[in-house]
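Line by line, the protein sequences are chains A and B. Taking the numbering used here, I'd label the letters of the first sequence as residues 1 to 204. Taking the numbering used here, I'd label the letters of the second sequence as residues 1 to 204.
It should be emphasised that the hints constitute simulated quantities derived from the structure, not laboratory data. Check each hint, because a few of them may be wrong.
Because identical chains cannot be distinguished in the list, a pair is counted as satisfied if it fits within a single copy or across any two copies.
As the list claims (entries may be wrong) - Here are the simulated lysine-lysine pairs, BS3-like style, with alpha carbons at most 27 Å apart:
id, residue 1, residue 2
1, 111, 24
2, 153, 58
3, 142, 111
4, 58, 111
5, 111, 97
6, 171, 142
7, 154, 58
Below are the chains, spelled out letter by letter.
Number of protein chains: 2
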Amino acid sequence: MSNVSAAEVAKLRAATGAGMMDCKKALEDAAGDAEQARMLLRERGLADAAKRKGKEAKEGLIHSYLHAPNPGLPPKIGVMIEVLCETDFVAKTDEMKALAQDIAMHIAAAKPAYVSLEDVPEDVLEGERELARKKVEGKPEKVVAQATEGAVKKFAKQFCLLEQPWVRDDKQTIGQLLAGYASNTGENISVRRFARYEVAEALE
Amino acid sequence: MSNVSAAEVAKLRAATGAGMMDCKKALEDAAGDAEQARMLLRERGLADAAKRKGKEAKEGLIHSYLHAPNPGLPPKIGVMIEVLCETDFVAKTDEMKALAQDIAMHIAAAKPAYVSLEDVPEDVLEGERELARKKVEGKPEKVVAQATEGAVKKFAKQFCLLEQPWVRDDKQTIGQLLAGYASNTGENISVRRFARYEVAEALE
């Protein structure tokens with residue numbers, strides 16, 4: 001009988017993209033040590049993010065979520081997202097629809113500005129780093145490097161969808177939520193883009 | 001008894017934003033001549049576009065339309081739009097929702113790239129003019145001017161939402177459709193922005 005919990009297995013699957021049985025085995029072999037189990041999966045070639053890398057995510061779905069903050073009034077906030085996967089077999093599942101709905105609702109509440117850190121223009125990031133540098137002026141290079149790195153991480157957590165803690169369960173990021181679904185389906189699953197509209201909001 | 005048709009009245013209202021009875025009266029006084037009736041309304045200060053100009057359209061709604069081209073598959077095309085008006089009294093009507101739905105469905109089919117001609121970057125328009133100029137090289141200035149003007153109009157009709165003929169009734173543009181609703185409600189009604197997503201489409 002196994003002394004590995006389903007929650008631990010799920011967490012490892014989300015982190016590595018490996019199959020359920022492989023994760024269970026690795027955790028058992030590692031006596032429940034998650035970090036060691038991860039290394040085992042990598043050694044065994046089962047952390048399959050790399051394997052999946054070459055496959056194209058070109059199927060998927062468009063989903064939208066409209067929010068009416070006041071009863072009796074029409075929707076004042078709207079979110080539309082494109083979620084990609086590899087096959088229509090997965091695209092048409094209720095799970096994908098539920099995932100798209102979860103993420104769209106998250107976007108409505110958490111107001112990300114970008115999908116991932118890579119989408120942030122370099123001048124925006126440089127502005128964040130510059131502010132951080134000013135705060136540690138004159139300090140050793142290592143401290144400055146830590147400060148600028150920390151500033152970028154903080155920015156990502158605040159404005160990048162994949163780095164944001166999920167509003168409904170802040171123990172995981174949206175990126176981890178997606179990784180969990182990717183692991184469950186064995187397909188690359190990604191949010192390609194989203195739009196968030198709020199009635200009469202100021203635009204850039 | 002009046003010999004002015006309801007269709008003529010509706011058309012004049014859409015064009016001027018004036019009230020129904022005022023349009024009817026103007027058409028009768030002008031013996032059915034639409035252009036003259038328009039002038040009369042203007043002289044009488046009843047073509048109220050100018051009056052409404054100062055009012056802010058800052059209420060409204062967000063609406064979305066999802067389209068699944070293949071039965072059994074999830075939505076592959078999505079449109080989200082922001083429609084503005086002046087009061088929540090109008091924003092919450094079924095008519096506004098129907099208008100938003102009509103326009104969103106139009107966008108799904110007609111694929112506009114901009115809301116209005118004013119949103120088109122100048123270099124894009126200049127490119128269209130340049131192509132037109134090449135076709136009439138050496139011709140009189142007037143011909144060249146007509147050609148470049150024609151090219152811009154053609155571009156607008158193809159890519160600007162407000163100038164596009166409505167897919168469900170190409171006797172009116174989306175701009176005229178909006179003007180009709182504006183006239184009916186006595187409020188400024190506008191499409192502020194829209195997004196149109198198609199799964200895995202090429203992006204710029």
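Hints versus structure:
| no. | hint | in the structure |
| --- | --- | --- |
| 1 | 111 / 24 | neither (36 Å within a copy, 49 Å between copies) |
| 2 | 153 / 58 | neither (30 Å within a copy, 36 Å between copies) |
| 3 | 142 / 111 | neither (33 Å within a copy, 52 Å between copies) |
| 4 | 58 / 111 | both (26 Å within a copy, 21 Å between copies) |
| 5 | 111 / 97 | both (20 Å within a copy, 25 Å between copies) |
| 6 | 171 / 142 | neither (30 Å within a copy, 69 Å between copies) |
| 7 | 154 / 58 | neither (31 Å within a copy, 33 Å between copies) |
In summary, the structure is inconsistent with hints 1, 2, 3, 6 and 7 from the numbered list given earlier, while agreeing with the others.
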